[in-house]
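Protein chains in written order, with the numbering used here: chain A, 1 to 331; chain B, 1 to 313; chain C, 1 to 379.
FYI, nobody ran anything at the bench for these hints, they're computed from the structure. Don't take each hint at face value.
The calculated DSS-like cross-link candidates involving lysine-lysine, where the alpha carbons are at most 27 Å apart (straight line), are [said to hold, decoys possible]:
#, chain 1, residue 1, chain 2, residue 2
1, B, K242, C, K231
2, C, K219, C, K346
3, B, K91, C, K346
4, C, K244, B, K305
5, C, K244, B, K242
All values derive from a computational prediction rather than experimental measurement.
What follows is each chain in one-letter form.
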Amino acid sequence: MKKLLFSLLVLVLLAPGLAFAGGAAEVDDGVLRIGVILPSGRDDMSWSQGMYEGVSAVVANMGAGNAQMAVTENVPNPVDAGAAIRDYANQGFNIIIAHGSQYQNPLMEVAADFPEVTFAHGTAFETSSNIFAYDPQAQLGAYLFGWLAAQMTNSQVLGIVGPVRAGDAIKYNYGFIQGVEAANPSVRVLESYTGSFGDNIQAKEMAEAHINARADILTGTAQQVVGAIQAVSENDGVYWFANDTDQSPLAPNSIIASQAYSWETVVQYMVDSHMAGKLGGEIISLDLTNERIQLVFNPVLADLVPADLMAQFESKKADVASGAIQVRLPE
Amino acid sequence: MSEFFQATVLLGLLTAGVRLATPFLFAGLGEMLSQRSGVLNLGVEGIMLIGAFVSFFVAFESGNLYLGLLAAILAGAFMGLLTAFVSVTMKAVQGISGIGIHILGLGLSGLFFRLTMGSISTMRGFPRLAIPILKDIPVLGRVLFNQNWMVYAALLLVPISWAVIYKTTFGLKVRSVGENPHAADSLGISVTRVRYICVVIGSIMASIAGAFLTIGQHEAAFVNNIAAGRGFIAVALVYFAKWNPLGVLAGAFLFSMIDAFQLRIQIIDIGIPYEIPVMLPYIVTIVVLALSTRGRVLGPTALTKPFVRGVHT
Amino acid sequence: MQLRIWNRNVLVNWGVPIAAVFLALVVGAFFLGLAGANPLVAYRSMFYEALGTRYGLTETVVKAVPLLLVGLGICIAFRTGMINIGAEGQMIIGAITGTAFALSFPGLPAPLLILFSFLAGFVGGALYGFIPGILKAHLNVNEILTTVMLNSVALQLQFLLLRGLMMDPQERAYGTGYPQSASIVEAARLSRLIPRARIHSGVFIAIILAVIVFVLLWKTTIGYRMRAVGKNYDAAVYGGIRVKRYLVLSMVLAGGLAGLAGTIEVVGVHYRLLDGVSAGYGFSGIVAALFGQLHPLGTIPSAFFFGALLFGAERLQRSVGVPSAMVHVIQGLVVVFVVSSDYLTKRFLQKRVDVGFKRLRQEGVAAPEELPLQGRSHE
Numbered sequence: 001m002k003k004l005l006f007s008l009l010v011l012v013l014l015a016p017g018l019a020f021a022g023g024a025a026e027v028d029d030g031v032l033r034i035g036v037i038l039p040s041g042r043d044d045m046s047w048s049q050g051m052y053e054g055v056s057a058v059v060a061n062m063g064a065g066n067a068q069m070a071v072t073e074n075v076p077n078p079v080d081a082g083a084a085i086r087d088y089a090n091q092g093f094n095i096i097i098a099h100g101s102q103y104q105n106p107l108m109e110v111a112a113d114f115p116e117v118t119f120a121h122g123t124a125f126e127t128s129s130n131i132f133a134y135d136p137q138a139q140l141g142a143y144l145f146g147w148l149a150a151q152m153t154n155s156q157v158l159g160i161v162g163p164v165r166a167g168d169a170i171k172y173n174y175g176f177i178q179g180v181e182a183a184n185p186s187v188r189v190l191e192s193y194t195g196s197f198g199d200n201i202q203a204k205e206m207a208e209a210h211i212n213a214r215a216d217i218l219t220g221t222a223q224q225v226v227g228a229i230q231a232v233s234e235n236d237g238v239y240w241f242a243n244d245t246d247q248s249p250l251a252p253n254s255i256i257a258s259q260a261y262s263w264e265t266v267v268q269y270m271v272d273s274h275m276a277g278k279l280g281g282e283i284i285s286l287d288l289t290n291e292r293i294q295l296v297f298n299p300v301l302a303d304l305v306p307a308d309l310m311a312q313f314e315s316k317k318a319d320v321a322s323g324a325i326q327v328r329l330p331e
Numbered sequence: 001m002s003e004f005f006q007a008t009v010l011l012g013l014l015t016a017g018v019r020l021a022t023p024f025l026f027a028g029l030g031e032m033l034s035q036r037s038g039v040l041n042l043g044v045e046g047i048m049l050i051g052a053f054v055s056f057f058v059a060f061e062s063g064n065l066y067l068g069l070l071a072a073i074l075a076g077a078f079m080g081l082l083t084a085f086v087s088v089t090m091k092a093v094q095g096i097s098g099i100g101i102h103i104l105g106l107g108l109s110g111l112f113f114r115l116t117m118g119s120i121s122t123m124r125g126f127p128r129l130a131i132p133i134l135k136d137i138p139v140l141g142r143v144l145f146n147q148n149w150m151v152y153a154a155l156l157l158v159p160i161s162w163a164v165i166y167k168t169t170f171g172l173k174v175r176s177v178g179e180n181p182h183a184a185d186s187l188g189i190s191v192t193r194v195r196y197i198c199v200v201i202g203s204i205m206a207s208i209a210g211a212f213l214t215i216g217q218h219e220a221a222f223v224n225n226i227a228a229g230r231g232f233i234a235v236a237l238v239y240f241a242k243w244n245p246l247g248v249l250a251g252a253f254l255f256s257m258i259d260a261f262q263l264r265i266q267i268i269d270i271g272i273p274y275e276i277p278v279m280l281p282y283i284v285t286i287v288v289l290a291l292s293t294r295g296r297v298l299g300p301t302a303l304t305k306p307f308v309r310g311v312h313t
Numbered sequence: 001m002q003l004r005i006w007n008r009n010v011l012v013n014w015g016v017p018i019a020a021v022f023l024a025l026v027v028g029a030f031f032l033g034l035a036g037a038n039p040l041v042a043y044r045s046m047f048y049e050a051l052g053t054r055y056g057l058t059e060t061v062v063k064a065v066p067l068l069l070v071g072l073g074i075c076i077a078f079r080t081g082m083i084n085i086g087a088e089g090q091m092i093i094g095a096i097t098g099t100a101f102a103l104s105f106p107g108l109p110a111p112l113l114i115l116f117s118f119l120a121g122f123v124g125g126a127l128y129g130f131i132p133g134i135l136k137a138h139l140n141v142n143e144i145l146t147t148v149m150l151n152s153v154a155l156q157l158q159f160l161l162l163r164g165l166m167m168d169p170q171e172r173a174y175g176t177g178y179p180q181s182a183s184i185v186e187a188a189r190l191s192r193l194i195p196r197a198r199i200h201s202g203v204f205i206a207i208i209l210a211v212i213v214f215v216l217l218w219k220t221t222i223g224y225r226m227r228a229v230g231k232n233y234d235a236a237v238y239g240g241i242r243v244k245r246y247l248v249l250s251m252v253l254a255g256g257l258a259g260l261a262g263t264i265e266v267v268g269v270h271y272r273l274l275d276g277v278s279a280g281y282g283f284s285g286i287v288a289a290l291f292g293q294l295h296p297l298g299t300i301p302s303a304f305f306f307g308a309l310l311f312g313a314e315r316l317q318r319s320v321g322v323p324s325a326m327v328h329v330i331q332g333l334v335v336v337f338v339v340s341s342d343y344l345t346k347r348f349l350q351k352r353v354d355v356g357f358k359r360l361r362q363e364g365v366a367a368p369e370e371l372p373l374q375g376r377s378h379e
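Construct the complete structure from the given sequences, taking the supplied hints into account.
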């Protein structure tokens, strides 16, 4: 007992001793500092990488003398994210982007303490005077891809390799299925979920199972799709529609098109707003009208989509963008 | 529902099951050897991650898959030496040291991936290698003999492990060290040496299991935390197997076949939440073990107990 | 004489692990260097941020609370001979049941609401610990297998509820559909101790529970019997202890404490149930318990230390720009070194005791040949 109390004392006394000097001083040199918190790695070929590249592009355009960025990655849990958000705020960052729905609570908490800093998070809807929320309308491009896939499939079977049946994944999948139904209700969509976000091997096996059940065009979301795309590229005559970023470099001979979020324009919008004195208070939608969602076709496979089908696709796209075609969200 | 039982789907299921079982076979057989000698290596997951990264990195840079595999073997041996040093020489509490090795492996694989490669790359892994004649056996041929050679190697390791453990002097030494190290010691067997050998071999096999997740796939890629818990499952399967190589085979196949099955049952959409099928392999493994265990099955008596000459625990 | 051995023991008992941590950091410096950081700067920032600033200290405590609670459960389970790897799953289930209660009875007065939420969390975790306990005791199903498997099951259960029954209605209304529950009412939340920091009153609960677990394990018959079962199963059977009952009880208590950790994370930090609530504490808590010598009171400073380590190391990617994987490298090294140093401690102590007895014998005092070492045995 004594021993333990003693050791506690030693630890407590040791603490400040170990922590000699240091501490970041806030600087006001007119440089815009952007802090980004990512749930997975900045090289995940999907959600996190998209945002990382978006912020990088904005900072590069502004020049190193005017803007700087810092990244905290692989923060799946909101406890560490809370510390990261407050760190950036304490260090005098001007814009802090917490790139995940799970960061909502810590973000709101810190934002209340730093009214002069702009905070942003998404996919989300909660805003305040210094909080932006952003909300990619994943279902829009998904609808169009579903529509296109239903026209292109030879086997009349399509597959969705899902992570967890919620969030952006379910929005995307729901849109895809609606698109298929609009084009050809007799085409079957196989839909299944691995139950995790990052298990590549499992996603790969799931894609194999779909292909096994004669699916010849597959799609899916989250960082685990790297595995599913591998399975697709192993099989001739099987193709993939991608989400989050342009994933065609992963499998140039298999990816027909990608729905890519243009995070650069979103970040640019927030930077401009921040500089103009508007620190938040808006839900920023990523959709086809504002071109923050882009449907990028893989030039390698351009021959796969006949010109007349492509023309129809473009007119569908205009209808979805204008709202003439309503894509429903999951209830 | 009927389409589910089509021959192609069933064949696909079995083929996938064998493929999914392969990493469990490598890692599980290795862990079994280690435990037979009395050392619980809970760090399999971390060692798998290191094997997965090192093999992919070396294969990617050199363009030679076998060089990648060799690198995984060396990395596995190194991690094995570290594990053995901690668990055997330093007599650490094995459950905890294993968690340390796991965290370290997770960290090192992620760190070196970022420092050396920096982004996800893909390459061709080992191709399928149909075995002539055998591949023409109905069903079995397609399922077992149209995979890549690492799958065959894993399957071959089952009888080899069995023979080594039950039919060789070395196996006898391993069992005696795991059952009664003091008696073994008094017979002049070096407990420390036997345990080192077993832990190192076990770690090499865990590392190869990791390599299977990258270069053992037709299209290979490394991503962070690619093992995704498979190392822990492999350790769990050793208990399922009751320290018998055939048991490891049974456990690995049971778990993987149900996994392959649940991936397919989701597809036909039978109207239950998908989480239930996802849980299935875990629950069935527990239930099967619970139903099959009668009485007290003794593992290696000295399992997790460090050996100190003259001190009986 | 007595006193001198005592003081040296204290020195060895704590000096060796601290030296081990130091060595781990020396090896870690190599990897920091590889990653392009100045190790001295990195470590200075790591310790300064975690222990030298008000905010860092509060965050360290925020992390220490679940580590301590999980660690206490681990103390009980491991002391009884149950290698419980399932704290992650037990934490998740506890967070689910605790949150479910808080969401179901928002009208209760604050003290009752918090108390019953804790109870619900404890019961949830306890039930989830009961499964491997009963399977081990009566069917001899190995607990490592069951706890590893049940971790995965718990995660799926969590997703099943969070995207269905327990999903925040607002997530539905806005169509974002993120798997998280609604926020719990103010009354269900633990008070925060300092403005602009997340440190909450859960820290007191955790410390009080540490004392209770200490009393349970060392001052009661139940605790004595649980430790007897863990120390020597066969002897305990022979001694007439109903071992099965204590195997189950230890897992129930361990699961309950992990479940409580889950609930405290919800009512103290997040205010809602969401993915990632267990945050790896289920594994780190095992390490914290070992570092605390599987002693409930020793786990207090140990949880604090690991809280600081986790917080400080996690910050490295911001302070010196090393890859995030460095957290795991440093944490893994510390665990490996500390767990290895345990043996040295025992050897040092044994030598001291030998020398002491030798001298006593020379002085003509009767002394035993060998003294069983207390306190550091984990078997």
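* Asked: Which hints from the list above does the structure break, by number from lowest to highest?
  -> Of the numbered hints, all hold.
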